[in-house]
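First to last, the sequence lines map onto chains A and B. Under my numbering, the first sequence is numbered contiguously, ending at residue 908. Under my numbering, the second sequence is numbered contiguously, ending at residue 477.
The set of hints was computed from the structure by calculation and includes no laboratory data. This one's a predicted model, so the numbers in the text were calculated from it and none came from an experiment. Each hint can be trusted.
So the derived list for chain A, only partly shown, Cβ under 7 Å to chain B, looks like this:
#, residue
1, 620
2, 621
3, 627
4, 657
5, 735
6, 738
7, 741
8, 746
9, 761
10, 785
11, 786
In this text, a Cβ means the ideal position worked out from N, Cα and C, and glycines have one as well.
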Amino acid sequence: MNSLTDLTIARSRDGLDKGDFSAVELAEAHIAAVEAARDLNAFITETPELALERAKASDERRAKGAAASAMDGIPIAVKDLYCTDGVATTAGSHILEDFTPPYESTVTQNLKEAGAVMLGKTNMDEFAMGSANITSYHGNVINPWKLDDGKDRVPGGSSGGSAAAVAGHLALGGAGSDTGGSIRQPASFSGIVGMKPTYGRCSRWGMVAFASSLDQAGPMTRTVEDAAIMLQSMVSHDKKDSTSVDQSIPDFAAALTSNIKDLKVGVPKEYRLDGMPGEIETLWQQGIEWLKAAGAEPVEISLPYTKYALPTYYIVAPAEASSNLARYDGVRYGLRVEGDSLDEMYENTRGQGFGAEVRRRIMIGTYVLSAGYYDAYYVKAMKLRTLILQEFQQAFEGVDVMLTPTAPSPAFAIGEKLDDPVQMYLNDVFTVPASLAGLPAISVPGGLSDEGLPLGLHLITKPFDEETLFRVGGVLEEAANFTAQPSYLEGVA
Amino acid sequence: MTYLIEGETGDWEVVIGLEVHAQIISKAKLFSSAATEFGAEPNSQVSLVDAAMPGMLPVINEVCIGQAVRTGLGLNARINLHSVFERKNYFYPDLPQGYQISQFLEPIVGEGVITLDMPEGPRDIGVERLHMEQDAGKSLHDQDPKRTFIDLNRSGIALMEIVSKPDLRSPAEAGTYMRKLRAIVRYLGTCDGNMEQGSLRCDANVSVRPVGEKELRTRTEIKNINSVRFVMAAIEYEAERQVEIYEDGGNVVQETRLYDANKGETWSMRSKEEAHDYRYFPDPDLLPVDLTQEFVDEIKASLPELPDAKKQRFVNDFGVAVDDAATLVADKETADYFEAVADSGDAKLAANWIIQELFAVLNKDSLGIAESPVSSDDLGKLVGLIADNTISGRIAKDVFEVMVTEGGDPAQIVENKGLKQITDTGEIEAMIDALINDNPDQTQQYRDGNTKVTGWFVGQIMKATGGKANPQMVNELLKKKLGLG
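With the sequences and hints as input, model every part of the structure.
Have a look at this one:
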């Protein structure tokens, strides 16, 4: 394993600094990998020329001793909901199939200014609505992790394309977005690190909105350290986003000290679900032991409102989505399907432009906001959201971090769990509470399922305490010593 | 004088509430930095936010918040330190986001009051609330036989919706309310009040009920009326229409109607059944607006003198009649003009000259006070010439005429045309003596008790002096000379 595509961001940076290879070489290796892995369907749009151009500029900066950041020259994959100037941005939807924004999202602008080299735009569930990357208009993404049963597995979602790209060594890092678990769950399914910072750390400006009060950008990488390095180049206080927070930004990578002595680790008992596979429970216990062995103190805690988190999420998120997606009306940009009247044009455009899952969530959202149902659903959900937040705040008076599984199962085969949307929604059961509370959280590969598929462990900390998250995540990573590789890589190699 | 509609079954009372949309004076839009200038090329003042491009986010323009608070204070209203922007969801091509950002449950301004000067005395009309919202774009249906064009210049411009309580009882009160509200926002500098350009628009909620009935009956809403005259005419028509329906045994349907100014009628736009369900909910892209009391106090300290206070001062300090004062303060430019004129002489005289003479000239050519052919400076000088007896009021009218048509400094005009009043008693006395001598008949009539003949004497003197004799002086001297002095 000495291919340039097998490095981490940290190692690549060192190699670039030492002159072992150039950013152009690094980019070329990854462009070749992207082209060779089209069967994974991880990318919607590839931007090799742009990547080479940026890599060249990066080499020039480095030659002058003026590397912009640790990300300078690092090839990354960008989820297709970040608006990118002059590069098609579809959000995985037919309705935006031909949309090319004349502006760059704040997060990708930050990455660009940090010198990161965008390889292309990655596949995703349509408008980030899904947990398996099967709702994309551009087809499902295939998880690089395969078993010998011959079935293709989902990479998780909605940031499934970025997850597959990072897991399949097509990119060193991926920009994902997380609304209810869309970074962390696919990270768990794909055996990589996925991190969602505190709501407000990253600007949402220029990200195609799903649910505004929940959407948050974050890094997907192969190591915890890489996640810290990449996050550093994504965060900023942005006056163009009123919900972006003006908070001091620490050196995230410096937080990886491996020292978690006397740290209190909360283990919420309500996350122990009925019917949860034994392998998930076993890994969770293992995680507790690892942290204990490193000097931390596990504490059982209770978060009784946890059971309301998923239903609350599936009221709040669709409500906001139903309104956020009203702008796709065929009038100004994107798809328009003509009709004999204005209403017919709307119906044709939105009926054909949106896929089934998006239409379902628009319907749910419209319903819960309707006169007569608003108080029973939306208002009640918002109250619960406040209670869930308060419950976390109280719990964090006694613990520094919480440890839970990331997802209730390993990656499932494409085609499974299709009949019942609620089954699909259950994928987010462990990730949604932190989303509702706006808390930072990370999924770190913990081990393999009985069948040999990756499983993640999930850490949650207080608002803006990403440092503790990375520190504990680093310890978990070290203890887990997750070295398994997706079988896809063997096939390629 | 109560406004009642006479019906066959008895008298009906009209109940009116107005919702006024006032465009906030601000260089940038409510949630974007695009310009707000009126009359620009279509779609030339549209930001990515205004066009609702994917991923675009609103950011509140703090100037607009200040303007709304300022207006609230001007309406003697409660300022809510905590207010929330919500989304009002509906589809229309000129509404790019598919929702209008507005305030619903928690507006920035609560209850206030506007005092109307009605002929029968002052009337306090309650203000229910003032909230902020963004304007929609404009659909142009008349550019093409088949297609509708959209101009988004207006999309996102900041509006204040000022909602009255259903306290108005006649078209005249509604008209006076509109004028008063317009005067207040103009004084405050928060809205230019220009109804022709749509910076001030009005929706009228109208219902009727038999005199004495306590409950409110079903109301209709007349949307988007764009002049004070039409507001009054639309209400008058609508109230009569409703009375007719009740008297015919029918029931008024709750609906939205439009006013057709050409026909002078209202017509149904949509009924309650077709009404939108706006699905309001707090906009998750925006934080609640939380103001400090200091912010509000600072604005309060910077408020200008408002019409009611100014009127009181004109009455108290200048001795202007209440009605005249009300007329003068109706718009700020007139009040300022008056004060400038009053500065250089007699305030009461200044008020009369503006209301009688100047207004006649302005109305004839439909001019605003800002376009007056006579500057306040010059009119002040003219009033000064009258006040210090340099010229008589009658001569002043001639001078004024010249000022209007040719312009010029009044003192100069008086000088050039030799119109200076004769105030030399000796000169006038000599003329009177001669007149008495030459006209013994008239003199006798006067002495016999026919004092009306005084007018003839005065006329003769005026004729002889070309109107330049001081009439008061002539009168006094005549009385003395004729023996009654």
